[in-house]
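Asker: As given, the protein sequences belong to chains A and B, one line each in that order. Everything in the first sequence is counted per the working numbering, starting at 2 for the first residue and increasing by one. Everything in the second sequence is counted per the working numbering, starting at 2 for the first residue and increasing by one.
One or more of the hints may lead you astray.
Treat identical chains as interchangeable: a pair holds within one or across any two.
Claimed, not checked - Straight-line C-alpha distance at most 25 Å; calculated BS3-like pairs for lysine-lysine:
#, residue 1, residue 2
1, Lys303, Lys338
2, Lys343, Lys93
3, Lys217, Lys389
4, Lys76, Lys171
5, Lys70, Lys338
Worth flagging that the hints you see were computed from the coordinates, not collected in a lab.
2 protein chains.
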Amino acid sequence: MSHPVSPLAPAALPSLPAVAGVRLATGAAGIRYKDRTDVLLVEMAAGTAVAGVYTTSLTRSAPVDWCRKAMAGGKARALVVNAGNANAFTGKIGEASVERTVKATAKLLGCSENEVFVASTGVIGEPMADDRLTAALPGLQSKLNDDWTAAARAIMTTDTYPKAVTRTAKIDGVEVRLQGIIKGSGMIQPDMATMLGFIFTDAAVAAPALQALLTKYTPRTFNSITVDSDTSTSDTIILFATAKAAHAPVADAGDKRLSGFRRALEAVMRDLALLVVKDGEGVERLVTIDVTGAASERTARKIGLAVANSPLVKTAIAAGDANWGRIVMAVGKSGEKADRDKLSISIGGVAVAKDGARVEGYDEAPIATHMAGRDIRIAIDVGVGRGKATVWTGDLTHRYIDINGSYRS
Amino acid sequence: MSHPVSPLAPAALPSLPAVAGVRLATGAAGIRYKDRTDVLLVEMAAGTAVAGVYTTSLTRSAPVDWCRKAMAGGKARALVVNAGNANAFTGKIGEASVERTVKATAKLLGCSENEVFVASTGVIGEPMADDRLTAALPGLQSKLNDDWTAAARAIMTTDTYPKAVTRTAKIDGVEVRLQGIIKGSGMIQPDMATMLGFIFTDAAVAAPALQALLTKYTPRTFNSITVDSDTSTSDTIILFATAKAAHAPVADAGDKRLSGFRRALEAVMRDLALLVVKDGEGVERLVTIDVTGAASERTARKIGLAVANSPLVKTAIAAGDANWGRIVMAVGKSGEKADRDKLSISIGGVAVAKDGARVEGYDEAPIATHMAGRDIRIAIDVGVGRGKATVWTGDLTHRYIDINGSYRS
Numbered sequence: 002m003s004h005p006v007s008p009l010a011p012a013a014l015p016s017l018p019a020v021a022g023v024r025l026a027t028g029a030a031g032i033r034y035k036d037r038t039d040v041l042l043v044e045m046a047a048g049t050a051v052a053g054v055y056t057t058s059l060t061r062s063a064p065v066d067w068c069r070k071a072m073a074g075g076k077a078r079a080l081v082v083n084a085g086n087a088n089a090f091t092g093k094i095g096e097a098s099v100e101r102t103v104k105a106t107a108k109l110l111g112c113s114e115n116e117v118f119v120a121s122t123g124v125i126g127e128p129m130a131d132d133r134l135t136a137a138l139p140g141l142q143s144k145l146n147d148d149w150t151a152a153a154r155a156i157m158t159t160d161t162y163p164k165a166v167t168r169t170a171k172i173d174g175v176e177v178r179l180q181g182i183i184k185g186s187g188m189i190q191p192d193m194a195t196m197l198g199f200i201f202t203d204a205a206v207a208a209p210a211l212q213a214l215l216t217k218y219t220p221r222t223f224n225s226i227t228v229d230s231d232t233s234t235s236d237t238i239i240l241f242a243t244a245k246a247a248h249a250p251v252a253d254a255g256d257k258r259l260s261g262f263r264r265a266l267e268a269v270m271r272d273l274a275l276l277v278v279k280d281g282e283g284v285e286r287l288v289t290i291d292v293t294g295a296a297s298e299r300t301a302r303k304i305g306l307a308v309a310n311s312p313l314v315k316t317a318i319a320a321g322d323a324n325w326g327r328i329v330m331a332v333g334k335s336g337e338k339a340d341r342d343k344l345s346i347s348i349g350g351v352a353v354a355k356d357g358a359r360v361e362g363y364d365e366a367p368i369a370t371h372m373a374g375r376d377i378r379i380a381i382d383v384g385v386g387r388g389k390a391t392v393w394t395g396d397l398t399h400r401y402i403d404i405n406g407s408y409r410s
Numbered sequence: 002m003s004h005p006v007s008p009l010a011p012a013a014l015p016s017l018p019a020v021a022g023v024r025l026a027t028g029a030a031g032i033r034y035k036d037r038t039d040v041l042l043v044e045m046a047a048g049t050a051v052a053g054v055y056t057t058s059l060t061r062s063a064p065v066d067w068c069r070k071a072m073a074g075g076k077a078r079a080l081v082v083n084a085g086n087a088n089a090f091t092g093k094i095g096e097a098s099v100e101r102t103v104k105a106t107a108k109l110l111g112c113s114e115n116e117v118f119v120a121s122t123g124v125i126g127e128p129m130a131d132d133r134l135t136a137a138l139p140g141l142q143s144k145l146n147d148d149w150t151a152a153a154r155a156i157m158t159t160d161t162y163p164k165a166v167t168r169t170a171k172i173d174g175v176e177v178r179l180q181g182i183i184k185g186s187g188m189i190q191p192d193m194a195t196m197l198g199f200i201f202t203d204a205a206v207a208a209p210a211l212q213a214l215l216t217k218y219t220p221r222t223f224n225s226i227t228v229d230s231d232t233s234t235s236d237t238i239i240l241f242a243t244a245k246a247a248h249a250p251v252a253d254a255g256d257k258r259l260s261g262f263r264r265a266l267e268a269v270m271r272d273l274a275l276l277v278v279k280d281g282e283g284v285e286r287l288v289t290i291d292v293t294g295a296a297s298e299r300t301a302r303k304i305g306l307a308v309a310n311s312p313l314v315k316t317a318i319a320a321g322d323a324n325w326g327r328i329v330m331a332v333g334k335s336g337e338k339a340d341r342d343k344l345s346i347s348i349g350g351v352a353v354a355k356d357g358a359r360v361e362g363y364d365e366a367p368i369a370t371h372m373a374g375r376d377i378r379i380a381i382d383v384g385v386g387r388g389k390a391t392v393w394t395g396d397l398t399h400r401y402i403d404i405n406g407s408y409r410s
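All chains, full assembly: derive it from the sequences and hints.
Answerer: This is the structure:
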């Protein structure tokens, strides 16, 4: 279960200040892990607005089903997260488990059930010991605090480091904070399902506006990363806004006053997503793929993901091999419009293919140096339009197989 | 370049008799490899009908483009195959190279250019030394023979064993032969592009009927195998019928007289496809995935391929782990209709999940024994309809990364 820290891990967590209207507490409920925290309770101020995006999996977990339903109210007072059991593929038992957790939390905090959000991550298919979770809740409530680092740690499964991002923006001249924590080390963990991310802000922005922004930026942030092409049953990103900042409330996502907030939100989402890729199972290199010249942003992303998900491209990068023939292959299999005879590729800024053929006599030396580094840049122009997108992934190493081939403990 | 023979390789090639109307010769043209054969010339009798299926890649190779065009005539007299260079992503230079090869072959054999088929396999993006190929052709013509084993060897790239299948069927009481050779060890080889397969029969079946049958059986044979989800630039299957058998010619694919021929053709196609999976890069286990209860055969296949391509499922199998939670995940990400609460899974014939939840107390012992073997069987019922399909793949082992992470030599 314990793997070495990713070589791409940041040196340290950023300093994480309190966010007005948000208090947290973590505990060790022993749902699956021993001797570590595995439960997070977040209490939010009355008037907190909420928005969310979830996995598109058809076998999604019971907590995801619940959050999608609760989201309709647009309000939140509590978030309960556990690590160790995903409560996925647990049928009616799983639904009942979520119901008990929601009821207990609502009663404890004196809020309505629709204001309680639940996220679970860990093994799939095993009934969850939610009695241990609900038993821990009163103790957590009694020690709510501002320790965000502890929160980032409590939600980890096979993550090799805790992940958090913090930024500020101004609305009407008033500084607001956007702060998020996330977990994930593959689209799915070794039996441990998934990416869970939570973003908190003290801004006063209405739920529909939050949802519009979250939905808008998800394709180019969370949906533009891939570790292993496997989509989890539990992927969840929830954005909470406590409205504790002193500016006048904003109702419309397009409001001019939100321009700084929008930039900061997209940056937080992208940085959280990148923290997940950098902790991708077994990764030794971060790979950034810029696709241009596509029919649309959507098709550019699809082409980028075809390259990012190709095991042949990923194993070549792991070996430091600038194997652009495999990139050509992956573009071809994407199924999206591309002009074979205009296709151009550069690696680390050096053009290796142009207009559908190899660049004769390109200098291999700077490319070899680039490929030996941690930060690989691939640019692909498919020659049919103006659509562009950036996609991030890691390389595919022996450690991926070690991590995922170890028997469920 | 030299890897140990796959543990799934058959003990030996079958005995491969002559096929009336087909003669072959192999040679060492030194296009890329030293000290081995790398060119195959096949001459077919006048009146040979032809059908083909090709890669759907948008970056397909120059030889694929040529074959698709030549196919329109429905006739064939020659097939030229080389190993070592795929002549893919070579632009106008690649087209000119194919043109020269076709012209030289047509002149040598006294046939029209549209009757010459060309297939190339090997490294992508490098101009091909077709002068060496054309220089070898007269020598090959002078020694045409019936050595099918030599032919199966000459088309190999990183294949660890030669691959051939032979069958007979009766048409109007007359025995006809169907014999095929194939190469491939991944959807794409380590830089070496691809699966190439050629099936020959002495039956007298018209080209449109051959095409109809080839197209009909491709989805459930060649398109139902996957090694690594990567689609090559060069995938090619061509079926030639020399009409040398003594039965009356058959024009219609649905003709009752073809019932035995149809069964034999599908079996040859499936067996050739399985030979490729069994030589999949690094595979140690053959995995057969039966999907039932889907909305259609097409969606059943898509669900099966989502499971077969999941790196998490494949690494679990490599480790002998009957990790059905990952199978649930892969079904969910397929995007195809499935009823989470009716989903059932069995492994090695033992039900592990039923109606959307774990089977309580199933016996792990027979499953562990099954997972330790070479032949893994997974059955999935998705609970929405009557569509079914079978998909074949291998496991994902360290050797896959070794093979594909070795620098282009």
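Asker: Next step is simple, just say for each hint if it's right about the structure.
Answerer: How the hints compare with the structure:
1. Taking CA atoms no more than 25 Å apart as the test, lysine 303 paired with lysine 338 passes in both settings, with 10 Å inside one copy and 22 Å between copies.
2. In the homo-oligomer, the alpha carbons of lysine 343 and lysine 93 lie at most 25 Å apart only across protomers (12 Å), although the nearest pairing inside one protomer, at 54 Å, exceeds that limit.
3. In this homomeric assembly, lysine 217 and lysine 389 come within 25 Å of each other (Cα to Cα) only inside a single copy, at 16 Å, whereas the closest approach across copies is 38 Å.
4. When the C-alpha separation of lysine 76 and lysine 171 is checked against a cutoff of 25 Å, the pair qualifies only within one copy, where the shortest distance is 23 Å, while the shortest distance between copies is 73 Å.
5. Only between protomers do lysine 70 and lysine 338 lie at most 25 Å apart by alpha-carbon distance; the minimum there is 21 Å, versus 37 Å within a single protomer.
No hint from the list above goes unmet by this structure.
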